[in-house]
Structures are given as C-alpha cells and as structure tokens.
Amino acid sequence: MNTERIYLVIKKEITLLFRSKGLIFTTLVLPCLITLIVGFAFTGNIKNVPIIVINEDKGHGDLNYGLVLTNQLERSDQLDVKYFGNWLPIQNGIDLIRNGKYSALVFIPQDFTNRLLLGKAYIQVYVDGSDPVVGYTSSSAIVTVVSQLGSKGAVYVSPDFLFNTNVGVASSSIQLNQLRFVIPGQVGVTIAASLTALSASTIVAERERGSFEQLLVSPISGAELLMGKILYHVLLVGLVNIVSILFVVIVFLDVQIVGNLMLVFLMLFLYAIASTGFGVLISVISKSQIEAAEIAIFSLTIQVWLSGIVYPIRSMPLLLRPVAYALPLTYLGDGLRALMIRGSDFATVQNDFIAIIIYTVVMYALAVHFFSKRID
Amino acid sequence: MTNQSLDPSQVSPVVSTPESMILTKDMTIQFGEFVAVDHVNLDVKRGEIFGFLGPNGAGKTTTERMLCGLLTPTDGSIQVAGYDMVKQPEAAKTHLGYMPQKFSLYDDLKIWENLEFFCGLYQVPKKDREQRITAKLELMQLLEFKNRITGNLSGGMKQRVSLATALVHEPPLLFLDEPTAGVDPALRQVFWTYFRKIKQSGVTIFVNTHYMDEAIQCDRLGLMNRGRLLMVDTPDGLKQRVIGGQAVDLWVSPSNSAKTLEFLKNYPLVKKVEPTGDKFRLIVTDSDEVVLELPEMLDKAEMRPLRIRPVDITLDDVFVKLIDTGPDTRRIE
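Sequence lines, in order, name chains A and B. As numbered in the numbering used here, the first sequence has no gaps in its residue numbers, which increase by one up to the final residue, 376. As numbered in the numbering used here, the second sequence has no gaps in its residue numbers, which increase by one up to the final residue, 333.
If you are wondering where the hints come from, they were derived from the structure by calculation, not from laboratory data. Note that this is a predicted model, so its numbers are computed, not measured. Among the clues, some could well be false.
[Unchecked claim] Covered stretches of chain A (in silico footprint by chain B; criterion: 3 or more residues with CB under 8 Å from a CB of chain B, positions within the stretch not fixed):
1) 1-8
2) 13-23
3) 206-213
4) 216-224
[Said to hold, decoys possible] A few chain A positions that, by computed beta-carbon distances, are all more than 12 Å from chain B:
5) THR26
6) ARG314
7) ALA347
8) ILE354
Backbone N, C-alpha and C define an ideal beta-carbon position, used for all residues, glycine too.
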C-alpha cells in the first residue's frame, strides 16, 4: 500500500466535493437536518387528538363525577374533547370514529357517580386502532386522566381498539412520545443512510464517467483506491455527520446521554466505517449509479425493519433472525441504547463493538476482492 | 499486497529484450464462447509508431486494453516495456501511458489538478512534478489555461489535456485509442505533429485508428480482423503484399469491354485484372511502362481505350481487400 496514492485519492474527493455545492448540502448538512426534523416531529407529546365524550352520568345529588371527568379530559393538552352529553348513541359515536373525524370515544355510564361513591366504577373507551401511535397516545392520555380520579374510588377502564384486533389490550404505560428511546435507532439509520448512499456511487460513478479506465491503467491498486475512498467518506463526511448529529441531539433535542459520550462517538465512528465499507462494496458490484442507489435503498430498508430498532428481534420468525444478526445496525442499535439510555459500561457493549469491526473488515475484503475481478 | 508495494524501478525485467516494447505470445481472450482476440503475436520495437487497423469489432480496443492491463488475457503472455503485464502489473503500468478513446479525466478538477493527481499516482518524484507538468502543458499549448476547470474546455482542448496526462510520467510507451476520433482535420494534424515529436524523444507509440491518412504516418501497421492479426508490415510493404504491385486504371467503351478483358488476360505486363464499375483496375509491376505501352497495343487491336492513368494505391484499398465481409465465425454456439 502506497500511502501517498491513498492521500491523493482523499484529496481529489474533497476537491470534487467542494466544487459541487449541491453535494456539500446533501452530504454534510442534510443528515443533521433530518435528525433535527425527526426529533422535533417526535418531541413533546402528540397533541390535540380529537375525542368524543358521551356522558350519561345522572350523578348523585349535586355530585356528578362524569362532568368532573369530562372537565379533566378537556384540560389535557393531548386531547381535544367534543362533549356530547347524553344524547348521542354510542353506535353513532363509533361511526364518527370510522369516518376519521375522531380518534377515540369515552362513554361514561349513567350510574358512574353512584358506583364511584360505592368504590368501583367503569367507563368504556373506544380507540381508533388503525393508527396505533395515535391510538396508544389517546388511550394512555385518557387512562392517565381517569387514574387521577382514583382517590374517589377505583375506576376501571377497558380501551377497545377498533378496526385492529392485533393491538390487543393497550397498556397505559406505553409512552411513544419519549424521544430518547427513538434517538439511538434514528441516529444509526441517518449515519447508515448518509454514508452508504454516498459511497455506493463512488466507484460506479468513476466507471460511468470514464475516469475509471484512466485510474486502472495507472499503477494504483484496488486496495489503495478503495482505502482512499473509504477514508475520505469516513474522515470527512462521517465525522462531520456524527459530530453535527450528536450536537443536534444533545443541544437542540435536549436528549440526555447517560453513558460515556466518547464510547457513543467511537461506536458511531466505527459504524460509519462499516456503512462506508458496505456502500463501497455496492459500488464495486453494481453496473450503474441507479443500480447502486437501488441496492443501497433496499438494503437500508431491510436494516431499518430487521435490525431490532423498530421491532424486537426476539419476536421475529426464526428464519429472519440470522438476517437480523448479520446487520450492523442491530449491534449499533443495541450498543447505543445501552450507552445512551442505560448508561452501560464498555464491557456491556464490547460484543457490539467487535461485531461492527468484523463487519467492516469483511466489507472491505469483499470490496477489494470483487474490485480486482470487476476490472474484466 | 506485498507484491504491489515493491518499488517498480527495482523490479528487474523478466526477459531483457531491450528493443521490444510490446511483446505478446499467443495472446488470447475469450468471453464465454466468444474468442475476441485469437492468438495474437505482436512485437513492437522501441521508438516505433505502430498503427493498429481493423474494422469495427475486429478486437483492436480489446487488444489495446489487454496490453494496458485493463483486461486479463485468458491465454498467452504479454510483455510491456520488459515487464510481464499479468505477473508484474504495477511495474508494467508505471512504464506506459494511455489515452482512452473517451475523455476520462475529472471534469470538476482544474487542468493542473488532473495532471497533478496522475503525476502522484505514478509516483513521479515530488521535486520534479511541477516542472514535468509545466513541460507537458507547454508542449500541448495549454499552460495559460492550467487553472481552467477541465469540464468547461472544448473537445479539442480536452483531448490535449488527455494526451498531456498520458505523458506526464514520461512513459517510454504510449497507447492511444483512436486519439483523433471526433477531432477536426486541422487538429488531427496538430496531434500527429505531437506524436512525431514524442517519437523523436524515443517514445514508442501504439495507436488504434480508423483513419488511413493517419495510418500512413505510422512506421508499421498491424491489420486485425475478427480477432486475428492478419498482417504486420510498413504501409508500403502492406500495399505491395496485399495488392501485389502497382495499379493502373483503364477506361474503355462498353461495346469493347468483353474483348478488352480477354486481351488483358493474355497481356504479359498485367498481373491481374479487376473490373470495377466502368473501368478495369490493372495490377502491374511497373505502372509507367504499362501506361506508355498499353494504349498503343490496344489501338492496334482496334480497342482504343478512352482513358488510362496510373493510380496510387491507398491503404483504403488494402483495407477493403483484406477485410472480407463474410459472416463472423468466432461465435461457436
């Protein structure tokens, strides 16, 4: 390996990057911007979910806990209450949910106050299950409000998810609005998307442009060329992305990183190398930039859905689990969650580090291997 | 990878045949069942301009790509500048320059940056780089444009940058793949002036071309068809061997045509008669003698010719003659 040739490739790539303004934006600015946008979309609670309240409670003397409950629901930021008193039949309310006008219905029965005074009351809640995120949010908001009435006696709520039998019983403890649980996966996906997509075109672009021939007749070896390409992506694009994304996460999105920030950084850095190695491999084996882009997008989609950041690996069918364990995002997601949320030490995430390093070496070796083959 | 980290200048040539810059033995490449280049033996000497001719699809570019190390032959050996291209690719590549048919430098780099990049890839000593690049740009009359972005240049200028880049590490061997395709005739002349200048300094040039007026400027020509090297000779030697002599064109009135042909067949000075259109092309040993003597003879036999004149055989004639246009038999299916 000749280090000067590697250096020249890096220098050339940087010069080309800075000659192309569009590329500067997409490579250096877009990734942290996306994190910011996704962060803000997730941040705070889901607000103003429109719900129906039907109150048939006849009360007890001056007492009407049905009205009290309605007032408290109205006070919730997350809910936007449309009060129907006792004149709307439940079936008509459910039809309104079906039409998409409302996301949930709270039904307070006529003996609500009386039963509560005796210590035990029921309300009926129907939730639109077609959008689980909104469904969980509204039902958990309702459950939270109802539980505040608890001092008067026990109120039993049984949320009924409409149109979606799989959602099953909603747990009041689900809190999708907690950004910090989403961030490790989000950061990983952004780094992977940025570096894989960018590096996936790097060799195939030279091939399409024709500069590949001029490179290949020169004495530069495949290993040198690929090393230069990888280092450029990681050292410039990767570092800028990681630093800016972490900055956005900590400063703008106010996500606390419980564990060691250096370990988080190191893990993301290794993951950036792995993603670039994968991108360069795609670039070496594809015949056109469009083909490379398609492979990159397809593989990223697989990573997002199978790496355990969206859906737990333990719940996947047996057949898919080996795929999940072959994806680097699986280890990054696991490691970052441990470091950022649980504050684990190095020993806990050691295996994640090792897995990412092995993946990187394999990608680079495969890229070099196919590169020498692909000259023909 | 240890092999590739060796300093090319310290690798000794496999066989020391100093005057052969390109030496191939039964060089063959097969793509599946298709034999694109079939047992080609080339021996190009130092300081030669070697032209490579052949119709489209003859295997010229494939041959040149193998010689440059872009393709690996499936059989046979290639020696370039004394190095085995398959076993010592880095050393061999250090000694050659290549100007591809299609412009292949970086559009977003300045002229100077493109040359600097390749200078570095070829490991030209750092202290020499600036002077080398300056010299090559001067030779190509590009020095004043050195800070221009390459992508904004005209086609002709791009070709010149491309040639300057191929020369920047001062290779003893230069490969040109149709270097003047799409270049106007004036600039083509300029290019050939460059090539001769480079040759003067001892550089060997291997050039693929379609233009016969270029081929004639080569020292030797190789003629390729359907993957086979048909013939290698000087331009004059090729004419002599393929056409078999000098040529004379003879026009007679159509009514005399059959009689004349009969007469010519028995006329001792004519080696061969080819009826072409409204005239006969005669292949003779000495055209002057025939032009002087033949009209008189015909006149005596009452077949007065309309016109007679000696013709220069062009390489086009040679080309057309050699390249038979029958079905391609290289596909074995």
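For each hint, the structure was consulted:
1. Only when three residues or more bring their CB closer than 8 Å to a CB of chain B does the claim for the segment 1-8 of chain A stand; here the count is 5, and the claim holds.
2. Against chain B, the segment 13-23 of chain A contributes 4 residues with a C-beta closer than 8 Å to a partner C-beta. That satisfies the three-residue criterion, and the hint holds.
3. With 5 residues having a beta carbon nearer than 8 Å to a beta carbon of chain B, the segment 206-213 of chain A meets the requirement of three or more and the stated coverage holds.
4. With a threshold of 8 Å between beta carbons, the proposed coverage of the segment 216-224 of chain A by chain B holds, since 7 of its residues qualify and at least three are required.
5. Every CB of chain B lies more than 12 Å from the CB of THR26 of chain A, the least distance being 16 Å, so the non-interface label holds.
6. No Cβ of chain B approaches the Cβ of ARG314 of chain A within 12 Å, the least distance being about 42 Å, so the stated non-interface status holds.
7. Every CB of chain B is more than 12 Å from the CB of ALA347 of chain A (nearest about 35 Å), matching its label as outside the interface.
8. Non-interface status of ILE354 of chain A relative to chain B is upheld: no Cβ of that chain comes within 12 Å, the nearest being about 24 Å off.
Consistency with the previously given hints is maintained throughout, with no hint failing.
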